[in-house]
Each structure stands twice: as C-alpha cells, then as structure tokens.
Amino acid sequence: MNFRSSIHIAGAVCLLIVSLLSSGQLLKLTYQSHSPDVDNLYLGRFDGIKSLLPQRGVVCYMPNPDNSFDAKKHYFLAQYALAPLVVRPTADCDPLIGDFPAGSTAASVSGQQFVVLNDFGNGLMLLRRNTGR
Amino acid sequence: MIKIVMSILVALGLGFSFTCLLWPKRRRLLPDLLLIISLSVGLGFGITSLLFFLWLIVFGTAGVALISSEVGLLLVLSAFAVSARRQEKQVDSLPVKTIRAPRLKSKIEWIAAITFFFTLFVAGKGFLWFVRGGIQGGWDAWGIWNLRAKFLLLGGLDWRDAFSAEGAISHTDYPLLIPASVARGWSYAGADIPMVPILIGFLFTAATVGLLFSALTVLGSRSQAFLAATVLLASSFFLVLGAAQYADVPLGFFFLATLVLLCLHERAAAQSNNMLVLAGTTAGLAAWTKNEGSLFLACLLLVHLITTLRKQGIRTYLRQLMPLAAGLGPVLVMLAYFKLNLAGHNDLSSPFLTALKMLGRISRWRTVAKAFADQVLHFGGWALTITPFLALYVLLAGVKNPASSEEKICLRTLCLTVIGYFLVYVTAPVPLNWLLETSLNRVLVQVWPSTLFLIFLMTNRLDET
Numbered sequence: 030m031n032f033r034s035s036i037h038i039a040g041a042v043c044l045l046i047v048s049l050l051s052s053g054q055l056l057k058l059t060y061q062s063h064s065p066d067v068d069n070l071y072l073g074r075f076d077g078i079k080s081l082l083p084q085r086g087v088v089c090y091m092p093n094p095d096n097s098f099d100a101k102k103h104y105f106l107a108q109y110a111l112a113p114l115v116v117r118p119t120a121d122c123d124p125l126i127g128d129f130p131a132g133s134t135a136a137s138v139s140g141q142q143f144v145v146l147n148d149f150g151n152g153l154m155l156l157r158r159n160t161g162r
Numbered sequence: 178m179i180k181i182v183m184s185i186l187v188a189l190g191l192g193f194s195f196t197c198l199l200w201p202k203r204r205r206l207l208p209d210l211l212l213i214i215s216l217s218v219g220l221g222f223g224i225t226s227l228l229f230f231l232w233l234i235v236f237g238t239a240g241v242a243l244i245s246s247e248v249g250l251l252l253v254l255s256a257f258a259v260s261a262r263r264q265e266k267q268v269d270s271l272p273v274k275t276i277r278a279p280r281l282k283s284k285i286e287w288i289a290a291i292t293f294f295f296t297l298f299v300a301g302k303g304f305l306w307f308v309r310g311g312i313q314g315g316w317d318a319w320g321i322w323n324l325r326a327k328f329l330l331l332g333g334l335d336w337r338d339a340f341s342a343e344g345a346i347s348h349t350d351y352p353l354l355i356p357a358s359v360a361r362g363w364s365y366a367g368a369d370i371p372m373v374p375i376l377i378g379f380l381f382t383a384a385t386v387g388l389l390f391s392a393l394t395v396l397g398s399r400s401q402a403f404l405a406a407t408v409l410l411a412s413s414f415f416l417v418l419g420a421a422q423y424a425d426v427p428l429g430f431f432f433l434a435t436l437v438l439l440c441l442h443e444r445a446a447a448q449s450n451n452m453l454v455l456a457g458t459t460a461g462l463a464a465w466t467k468n469e470g471s472l473f474l475a476c477l478l479l480v481h482l483i484t485t486l487r488k489q490g491i492r493t494y495l496r497q498l499m500p501l502a503a504g505l506g507p508v509l510v511m512l513a514y515f516k517l518n519l520a521g522h523n524d525l526s527s528p529f530l531t532a533l534k535m536l537g538r539i540s541r542w543r544t545v546a547k548a549f550a551d552q553v554l555h556f557g558g559w560a561l562t563i564t565p566f567l568a569l570y571v572l573l574a575g576v577k578n579p580a581s582s583e584e585k586i587c588l589r590t591l592c593l594t595v596i597g598y599f600l601v602y603v604t605a606p607v608p609l610n611w612l613l614e615t616s617l618n619r620v621l622v623q624v625w626p627s628t629l630f631l632i633f634l635m636t637n638r639l640d641e642t
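The listed protein sequences derive, respectively, from chains A and B. Taking the working numbering, I'd label the letters of the first sequence as residues 30 to 162. Taking the working numbering, I'd label the letters of the second sequence as residues 178 to 642.
Take the hints with a grain of salt, since some may be wrong.
[Unchecked claim] DEER-style ranges, computed between Cβ atoms: (1) B:Leu530 x A:Asp121: 45 to 51 Å; (2) A:Lys102 x B:Lys516: 25 to 31 Å; (3) B:Lys534 x A:Arg33: 48 to 54 Å; (4) B:Gly333 x A:Lys102: 25 to 31 Å.
These aren't lab readings, by the way, just hints derived from the structure by calculation. None of the values given here were measured: they were computed from a predicted structure. For each residue, glycine too, the CB sits at the ideal point set by N, CA and C.
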C-alpha cells in the first residue's frame with residue numbers, strides 16, 4: 030500500500046467515524062420518549078364541529094386575539110382540519126368558529142356581538158354573529 | 178392498508194415500466210435493478226401526479242374510474258416495455274461498470290459496508306421515531322402540501338378552492354407533485370389518512386439513498402457508493418425532513434436523478450439518447466415539485482447550452498436538446514397550465530425594480546452570505562460538523578482529472594442553482610432573517626444528495642489510489 034492510498038483510506042475512515050458518531054447520537058435519541066403529538070391532538074378537536082358545518086364553501090374563524098405564533102399556527106391547523114372548507118380568519122361571516130384553546134368560556138364570548146350556537150369544550154365554539162335578529 | 182399498497186404499487190409499476198421502456202437496450206436490466214427501482218419511485222409518483230391533475234381538469238373528481246384507468250395504463254405500458262426490450266437482442270453493458278462483483282474486495286470496503294448497514298438500521302429506526310413524534314408531519318405538510326391534497330380530493334368539483342384567495346391559504350403558487358400524489362393515495366384508500374403522506378415521504382427518502390448508492394456503484398465504485406450513502410444516512414436533518422413530509426426531500430431526489438441520468442447518458446451516448454429523455458422528465462418533475470425546481474431547470478438548460486455549444490458545437494447541442502425537450506415537454510405543459518390558470522402570486526419574488534434596489538444593499542448580501550457560511554458549517558444535524566471532514570476527504574483522495582463534459586454540466590448546474598438561491602434570498606420581499614432562519618437549512622438539504630454524488634463521483638476511487 031503506497032502513501033497516497035494510505036492517506037486516501039485515512040480520509041475515508043474519518044468520514045466513517047464522523048458518520049458513526051452522528052448515527053450513535055440519533056440512536057440515543059430514539060430511546061427517548063416523545064412529548065405528546067400536540068398537532069394531532071389539536072386537529073382531533075375539530076371532529077365534532079365538522080358535521081355541523083357545510084361540506085364546501087367558506088366559514089369564518091375567530092382566533093385567539095393575541096397575534097402570537099401559536100394563534101397563527103392554530104389558524105393553519107384549523108384550516109387543515111376543516112378543508113375542503115375555506116377558513117377565513119376574520120369574524121365577518123356565518124357560520125363562525127371560535128377557537129380559544131387557552132380556555133375561553135362561552136360566557137366570555139356571548140356577552141359580545143356573537144351568539145354561541147354550540148360549545149364543544151376546549152375553547153372550540155360554533156358561533157353566529159349577533160345581528161339583533 | 179391493501180388499497181394504499183395498491184396505490185403505491187401502481188405508481189411504482191408505471192415508473193418502472195416507463196424507465197424500462199427508455200433504458201438503453203444494450204444495458205441489462207438486472208445489474209441496474211436498484212438504480213431503475215430508485216428512479217421508478219420518483220418517476221412513478223411524478224407520472225401519476227400529472228395524470229391525477231389532468232383527470233381533475235378533465236373530469237372534475239377522482240374516483241374508481243381513475244384507478245381503473247391507471248391500472249389499464251400500467252398494463253399497456255408494461256406490454257410496451259417488454260416488447261421494446263425483446264426487439265433488440267440484449268448484449269452486455271460493456272461501456273459501464275455495473276454491480277458485478279458480489280464479493281467485497283478490500284478491508285476498507287468491508288468497513289464501509291458494515292458502517293453503511295449500521296447507519297441504515299439507525300436511519301430506519303430514527304425515521305420511525307420522527308414519524309411517531311408527529312404523524313401529521315411538520316408545518317409545511319399540513320399547512321401546504323397535505324392541505325392542498327385535501328382540497329384536490331375532498332373538494333369534489335370545487336377542488337379549485339385549494340387556490341382560493343378567500344381565506345389565508347398560503348403559497349398557492351407551489352406546484353402539485355406532492356399534493357396530487359397524496360390526494361391520489363387517499364382516493365385509493367377512500368379516506369384522508371396520515372399513512373399515505375408518511376409512506377410517500379418514506380419512499381422518497383429511501384429512493385434518494387438507493388439512487389445515490391446505485392448510481393455511484395455503476396458510475397464509480399462500490400466503496401465510494403458505501404461512503405456517500407453512509408454520509409447521507411447519517412445526516413439526521415435529511416431524515417427529519419423526510420419524516421416531516423416536506424417536499425425538499427422529493428425535490429432533492431429529482432435534482433439527483435437528473436444529474437445521475439446526465440452522467441449515465443455520457444456512458445450510454447453511443448447506444449441511445451434515451452437517458453436524456455429520462456433526465457428531461459426528472460428535471461421537469463423537479464419544477465413540478467417546488468418552485469426551486471424551476472430555478473434548477475433554468476440553470477440546467479443554460480449550463481447545457483453554454484457548455485455543449487462551446488465544446489461540441491451546435492449540432493451536438495441540438496441532438497441532445499431534442500430528447501431532453503421530449504422528456505421535459507409534457508411536464509412543462511402541465512406546469513404551465515397550473516401556473517397560468519390556478520397558481521397564486523409567488524410571495525418570494527419582487528418586482529424587477531425592487532429586486533434591483535435590494536441587490537444594491539450590501540447589508541443584505543452580508544446577511545445572506547453569513548447565513549450561508551453558518552449553515553454550510555453547521556448543516557445537517559451532525560454530532561461533529563461534516564463539512565471539514567468532506568473537504569479533507571476531497572483533499573486526501575484527490576480530484577479525478579479531467580472531468581467529463583457531463584460531470585462539468587452537473588457541477589456547474591448545481592453551483593449555479595445555489596447562486597440562484599443566494600440571489601433569491603437577497604431580493605426576497607419578506608423579512609430576511611425570518612426567511613433565512615426558516616428555510617435555508619431545508620434548501621441545503623435539496624442539494625445535499627447531489628453534492629455527495631458529485632463529490633464521490635469526481636474524486637479518485639479508493640481502489641484507484
């Protein structure tokens with residue numbers, strides 16, 4: 030074995046060792062337990078409300094009023110859960126879905142300009158705009 | 178489950194028949210089997226996603242009739258493939274080294290093989306672990322790809338609502354290979370179950386590794402193939418994205434497939450130009466997967482034009498362009514229909530004058546360059562950063578000289594694509610730091626398999642030094 034061949038093999042062995050270290054790190058990770066699959070749990074909350082909504086078209090959605098990352102994520106999850114309905118993130122049409130996963134109660138919403146048609150628990154509600162009719 | 182398996186087998190069958198139909202007649206199928214099967218995954222999902230989209234345009238909804246048509250097409254295409262291969266007497270594939278030597282030749286090859294199988298085992302275990310952590314996939318999976326798939330399948334005649342401006346549906350300009358593949362799988366299964374996109378993500382991840390390994394075995398040596406595939410499998414972030422059902426892994430597959438087929442074309446050029454037809458198809462499917470694929474396609478066509486014209490003249494260029502265009506054409510027609518009739522605005526492209534203004538801001542260049550340098554050094558979720566070790570390997574192994582014309586085209590295309598990505602970041606009309614933080618690591622995964630392919634193809638083989 031000549032010198033050129035030896036250093037070539039040394040380079041290959043280095044790559045293999047680094048790969049083994051990375052794989053070892055991944056292997057160790059696989060023995061850890063998962064935190065709950067929060068996205069899947071979030072999507073499951075919409076199972077009950079689907080049957081009360083039209084099959085196609087547009088529904089309105091009232092998110093948690095804090096303009097946080099979570100509120101944005103919850104809107105997109107709601108859109109995924111309710112597709113093929115188009116979910117408009119404004120409270121200007123009926124039916125209207127109230128999504129307050131932090132735990133708003135029906136009372137806190139009904140006092141405003143909306144009527145609670147159905148409270149599914151976990152902060153998910155089917156609402157109607159209170160137009161006085 | 179049987180219905181899901183059937184949907185996958187029909188897609189793979191169509192991809193396999195299509196590849197066999199175009200595989201050069203003088204090459205034997207058996208030694209190239211892993212290569213062909215790996216290509217069949219991408220081509221199969223590509224073809225069936227195009228058919229699904231065409232079906233929606235023509236008939237409005239997908240159902241049993243689509244399944245019957247696909248099975249019929251599979252039978253016809255298989256019959257064509259078998260008959261085409263019987264027409265010419267098969268002779269040995271002499272110009273190309275194929276998987277012929279079943280025995281491992283040296284100690285280092287043994288070590289590389291053992292390490293490869295260990296990383297393969299860990300990667301499989303890791304993939305399952307990542308899937309169990311979030312069966313709906315990552316944000317892009319439920320926020321873009323699978324969401325679009327729900328509209329395409331469950332929307333019935335209103336499937337165009339997927340691109341509605343009524344809600345806040347994001348990235349409606351993104352192409353449909355993944356959404357159409359998922360919707361097609363759901364139409365076979367009869368429900369929008371998470372297993373379908375998970376399996377598609379798994380198949381693309383596995384096919385990328387299979388393609389890298391088999392292509393290097395055919396074009397280089399088995400020890401190089403083991404090394405490259407081991408490095409890819411040990412890149413945790415590649416597995417994370419595959420399990421999260423992101424489109425970056427399928428896009429990376431099509432980049433790699435295109436470069437592999439171009440290199441194979443060089444070896445098979447005397448026999449036929451069919452590899453170029455396949456390369457045109459995979460390049461088109463890259464554009465059908467993500468917008469970055471269109472950039473890759475443009476870079477490929479530009480580099481091919483300049484390199485071939487300069488070295489081989491206009492005749493050779495046109496002779497090569499025809500089969501490339503033949504493979505590319507049908508995909509581009511569908512993509513153009515989508516872009517012109519359905520796609521929304523591309524939120525990453527600026528008007529020309531705004532882009533020019535942004536190009537003039539040195540601070541943006543500096544920010545993007547710093548982020549690129551940082552990602553290149555800390556990329557892929559490695560225990561120890563891989564980049565210096567790869568650079569050291571190239572230095573110690575030495576680069577093969579001279580590089581072939583096709584290898585030059587591949588290398589230049591990949592470099593130009595990365596430069597294109599860089600410029601997109603500099604000119605993007607969205608908050609730059611946010612964009613870099615949320616996408617640059619994924620963008621590098623797109624070019625990672627192709628980078629490994631070119632590194633291990635263009636360096637000296639272990640048994641040559």
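Here is how each hint holds up against the structure:
1. B:Leu530 x A:Asp121: 45 to 51 Å: violated, 35 Å
2. A:Lys102 x B:Lys516: 25 to 31 Å: Holds, at about 29 Å.
3. B:Lys534 x A:Arg33: 48 to 54 Å: Since lysine 534 of chain B and arginine 33 of chain A have Cβ atoms about 52 Å apart, the given range 48 to 54 Å holds.
4. B:Gly333 x A:Lys102: 25 to 31 Å: Distance hint for glycine 333 of chain B, lysine 102 of chain A holds at roughly 28 Å.
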